[in-house]
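Quick mapping for you: the protein sequence lines, in order, are chains A and B.
Heads up, the first sequence is in our numbering, so the first residue is 1 and it goes up one at a time.
Heads up, the second sequence is in our numbering, so the first residue is 980 and it goes up one at a time.
Hints were generated in silico from the structure; no laboratory data involved.
Among the hints, a few may not be true.
Below, simulated DSS-like cross-link-like pairs (lysine-lysine); rule was C-alpha separation at most 27 angstroms, straight line [as the list claims (entries may be wrong)]:
1. 991(B) / 758(A)
2. 599(A) / 758(A)
3. 991(B) / 619(A)
4. 1019(B) / 599(A)
5. 991(B) / 677(A)
6. 584(A) / 991(B)
No experiment lies behind these values; they were computed from the predicted model shown.
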Amino acid sequence: MTQSHRIDGGLIDRTKTLRFTFDGIPYQGHPGDTLASALLANGVRLMGRSFKYHRPRGPISAGSEEPNALVELRTGARQEPNTRATVAELFDGLEANSQNRWPSLRFDAMGINDKLSAFFAAGFYYKTFMWPKSFWEKLYEPIIRRAAGLGSVTREEDPDAYDKGFLHCDLLVIGAGPAGLMAALTAGRAGKRVILADEDFRMGGRLNAETLAVGDASGADWAAAVLAELAAMPNLRLMTRTTVIGAFDHGIYGAVERVSDHLPTPAKGKPRQILWRIYAGKAILSGGATERPIAFENNDRPGIMLAGALRAYANRWGVKVGERVAVFTNNDDGIRTALDLRAKGVDVVAVIDSRPVGDLLPGIRHLHGAEVIDTSGKLGLKTITVRQSNGATETIAVDALGVSGGWNPNVNIHSHHRSRPVYDAGIAAFVPGPEGPPGLLVAGAAAGQMSTHAALKTGRDAAIAALDLGTAPDLPQAEDAPVRISPLWFVHHGKGRAWIDQQNDVTVKDVKLAKQENFTSVEHLKRYTTLGMATDQGKTGNVIGLAIMAELTGRSIPETGTTIYRPPYTPVAMGALAGRSRGKEFKPFRLTPSHHWAKEQGAIFVEVGNWLRTQWVPKQGETEWRQSVDREVLATRKSVGICDVTTLGKIDVQGTDAGAFLDRVYANTFSTLPVGKCRYGLMLREDGIVFDDGTTARMGEHEYVMTTTTANAVTVFRHLEFCRQCLWPEMDVQLISTTEAWAQFSVAGPNARKLLEKVVDQDISDAAFPYMGAGNITVCGGLRARLFRISFSGELAYEIAVPTRYGDALLREMLARGAEFDPVVYGTESLGVMRVEKGHVAGGELNGQSTALNMGLGKMVSKKKDSIGMVLSQREGLTDENGYRLVGVKPVDPNGKLTAGSHFLEKGAAPVAANDGGWLTSKVYSPHLGHDIALGYLKGGDKKIGQRMRAVNLLAGLDTEVEIISPHMFDPEGVRLRG
Amino acid sequence: MASLQPLTALGKREATAVTHGPLTITERTDVALASVAARKGRMADLSAAAQKAGVPLPGPATHQAGIPYSAFWVAPEMWFVEAPHATHELIADLLKSALGDAASITEQTDAWVAFDLAATDLAPLLERLCNVDFPAVPNGYATRTVMEHLGVYLVKHGPGAARLYGPRSSAESLLHALETAAHSAF
Chain A
1 MTQSHRIDGG LIDRTKTLRF TFDGIPYQGH PGDTLASALL ANGVRLMGRS
51 FKYHRPRGPI SAGSEEPNAL VELRTGARQE PNTRATVAEL FDGLEANSQN
101 RWPSLRFDAM GINDKLSAFF AAGFYYKTFM WPKSFWEKLY EPIIRRAAGL
151 GSVTREEDPD AYDKGFLHCD LLVIGAGPAG LMAALTAGRA GKRVILADED
201 FRMGGRLNAE TLAVGDASGA DWAAAVLAEL AAMPNLRLMT RTTVIGAFDH
251 GIYGAVERVS DHLPTPAKGK PRQILWRIYA GKAILSGGAT ERPIAFENND
301 RPGIMLAGAL RAYANRWGVK VGERVAVFTN NDDGIRTALD LRAKGVDVVA
351 VIDSRPVGDL LPGIRHLHGA EVIDTSGKLG LKTITVRQSN GATETIAVDA
401 LGVSGGWNPN VNIHSHHRSR PVYDAGIAAF VPGPEGPPGL LVAGAAAGQM
451 STHAALKTGR DAAIAALDLG TAPDLPQAED APVRISPLWF VHHGKGRAWI
501 DQQNDVTVKD VKLAKQENFT SVEHLKRYTT LGMATDQGKT GNVIGLAIMA
551 ELTGRSIPET GTTIYRPPYT PVAMGALAGR SRGKEFKPFR LTPSHHWAKE
601 QGAIFVEVGN WLRTQWVPKQ GETEWRQSVD REVLATRKSV GICDVTTLGK
651 IDVQGTDAGA FLDRVYANTF STLPVGKCRY GLMLREDGIV FDDGTTARMG
701 EHEYVMTTTT ANAVTVFRHL EFCRQCLWPE MDVQLISTTE AWAQFSVAGP
751 NARKLLEKVV DQDISDAAFP YMGAGNITVC GGLRARLFRI SFSGELAYEI
801 AVPTRYGDAL LREMLARGAE FDPVVYGTES LGVMRVEKGH VAGGELNGQS
851 TALNMGLGKM VSKKKDSIGM VLSQREGLTD ENGYRLVGVK PVDPNGKLTA
901 GSHFLEKGAA PVAANDGGWL TSKVYSPHLG HDIALGYLKG GDKKIGQRMR
951 AVNLLAGLDT EVEIISPHMF DPEGVRLRG
Chain B
980 MASLQPLTAL GKREATAVTH GPLTITERTD VALASVAARK GRMADLSAAA
1030 QKAGVPLPGP ATHQAGIPYS AFWVAPEMWF VEAPHATHEL IADLLKSALG
1080 DAASITEQTD AWVAFDLAAT DLAPLLERLC NVDFPAVPNG YATRTVMEHL
1130 GVYLVKHGPG AARLYGPRSS AESLLHALET AAHSAF
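Take the sequences, apply the hints, and build the full model.
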């Protein structure tokens, strides 16, 4: 078949031929075609099946409002369902398939639904699948999902990339029809920064689909000339294939640019689409209007189309949809279609004009006061039945019917801030209300200005008003015909189904049923019947539906009102919303200074926030993680181990009030800390719960270095800034994060000092650098460094810091110079083992629910001074003598297994919440003790040391007899610590 | 000086330079950086000391170049001061000597990775990365913004010249984001 329905003219490039397939059948089209125009050019009207009844359907529109012609584009991982054939730009090699049919589009077994339609009226699901309740999930829902629905997804990963971006302009013009072009020209010539965005791949809007002249040229030629001028302006950005999807707060608009959808695959490195956030000083909505059909029996057959679309296919794409065409209209725009088609040589057999009187078209059979009451043709229109003004009926053979029920201004964007459009009886349509998004003006048909002249004028005037311009271009001559319409929403005839919302198979009957069952509010009507849902969001059906409801209820259309308009204006691919944040690029990584060394060693990494931390470093022959961790722990406690602790938050706190500031944010006191010393600090939230912990060192009279946990590095900094800026702005305190500036390593074990002496230039003997000492030193012959004698492992330990760029080198130097001590590098697992052995709290205990008292650190909360959380930590509920206390736990049988999350139960107690004594917060295997150990919160735990209980985890199937012990399970006297 | 061999933020011995089309991304390892924050009520003292020492303290959202010190505003009464690393590695100590106790000074050199971006026009790249209106802001504009979830400082030196300071630990992720955007834009 070679484009049997192609006629002369159109804005297509006939010098080039594009090959494509639909349901496996090869066809040809031209650049400038959409999939729909190309299929229609090849005589293909049937493009899909309807949602519920699986009725055969063809396109009714030539734009993004299309409810019917939804297809799957492409194959394999790039297959995309629910794509509107009316906006899918044709490219060579395009593969398209129909959807929601089986086994084929022409014969769809699910078409049986159409025969059973009496059972599938609105509310069918709600009434039918109520019982038994248990059937819903396993039976009803799967069946419904299979029977209904749209296209299918491949379940393969989307191979394309999507970008996000940000644009700024003085004026955003949404829609490049006559109003938008005139607005952009006005603002552009005034030197303003303008973005002109249009969803089409060819700007010009309806000018490309009409034969009307603008000035001395055709509308399309005038548009092309204006676009050429705009394209040459450096202050103007033309964005074709770009749909403005929503108006958001503060003059921000969302837009999706389809960069590569018109190509077989995106060029290398290029995204498929870009989701733009446009910051616009002002914006003009010039998005035109959408024609609406008239509901009559069997008005959904392929070949029945909006009259304006029929005209557009002929004028823009050189396509006649049928050989014998009729037009059914209630307004003059339908007449325009008849005239244009006749001018193109199409046989216009009748114009069925519902208006009772009016001029007669010369040379065309023009029936006034007539209505189409029925149609025939299973897979495509064959005849229409017309009821004439005298009541006589007549069947006319046609294969295409253009229907025009009037035009609805595209008010969506203007209504995204919940502004309700208002009804304009003059054009029988809703126009933008008085209160839209601030800074957004409306022009052209979107504002209900339906003539070309009015569009040009309002576009220009909107730009002048928006930008307060003094000069403006002259307006070219253009038609200024008035809207002459006599509203007709649906044809009163018979008992058959007349479609309102073709995408959701909502009929006039469904609206009547909704009214009968008292769902008369438009919002209820929508939810009860599904009117206006799914991919087209009711662009062609909503207004008819609410007008019919108005008629049925005896209310006016303004009283009935519209539903709320919400973004996005047209469907947006999930990938565009995700942008680059997917897979391994979901978030950025943070690498520690020792990362490259660790990678060389084959270290295993663990994600801690964005950080990749070394979890353990396996040696040759170690096949299981415990082997590596046990070795690291034993080696550290035997000699010396090194751990990268750069990830801990570091905050530089300076100022003459630094000490006083810390006294207020920490529960314990820091103003008395001598210079050159550090101290463990506990930070509470306002409600008295522990927020964070860490050591803070006093490096100078007015200079402290605070450390935080890795997890809370940012939140603590933010908290401190809040305290500084908002709570106590009178204090002389300056803060800055230095987390990344310093590479910091913990060096722990009996030989820690001996190893450090190999690299540190100063005396760090116990006398010169005692326990909890801190200070500036140099290493390896003069490099500035910091040393803190602190321990998280219970060993003689230090933390040494150098500027980050030297971190890798320092680690290698320590390992090389200290080789005689057989140092080991340990990861977070070993860190965890050693801290649990010592009873130090970490993430499992700092759980946002626990107090210092719970942790056995109650005495750290100083009552001698005020601090954040101090007062509320004394609340009755938090100071219960029998409240949770941190305890150590070991299995009575050394082979007994523990797991974090197990609950404490007395022996013989049933495992129910009422008997719950607390829970295990952290569990490790201690290679020194030779069995599992754990920390836990136990009610009255401090009085239960030595008692036996059970640690029960029903999920893990564990019920282990345990002994409650001190949390200090290794070297409780701290002999090793003070080395 | 110390025997330790530094690594760049990208884990290499030498600074990385990447070219894609008209864009060159150059890692700058030769910049020393320190924060300078006025002590409470000491702004006048700080201004006087800074002027004497040749340390510019520009107004909000501004970078001011100088020799050897350049600086950009980061917060009320707070600046980041740049200087050549070769001569000013101990920038914090040098500034403390120059500015005395009127300011709190903290070394920031290795807290950041610095990338210089150069192209005829950087707007197509930066509009895919951050919400700064790069073409509209003047040369010498300095701001904090976000690129691919990372907080960065962006300093505009010209329509085709900018410096970016990003968190050092995420240097690889930031460079990846820059390169990805470059392939998309150019």
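Each hint tested on the structure:
no.: 1; hint: 991(B) / 758(A); verdict: 26 angstroms, holds
no.: 2; hint: 599(A) / 758(A); verdict: 25 angstroms, holds
no.: 3; hint: 991(B) / 619(A); verdict: 25 angstroms, holds
no.: 4; hint: 1019(B) / 599(A); verdict: 46 angstroms, violated
no.: 5; hint: 991(B) / 677(A); verdict: 36 angstroms, violated
no.: 6; hint: 584(A) / 991(B); verdict: 22 angstroms, holds
Comparing the model with each earlier hint shows violations of hints 4 and 5; every other hint is respected.
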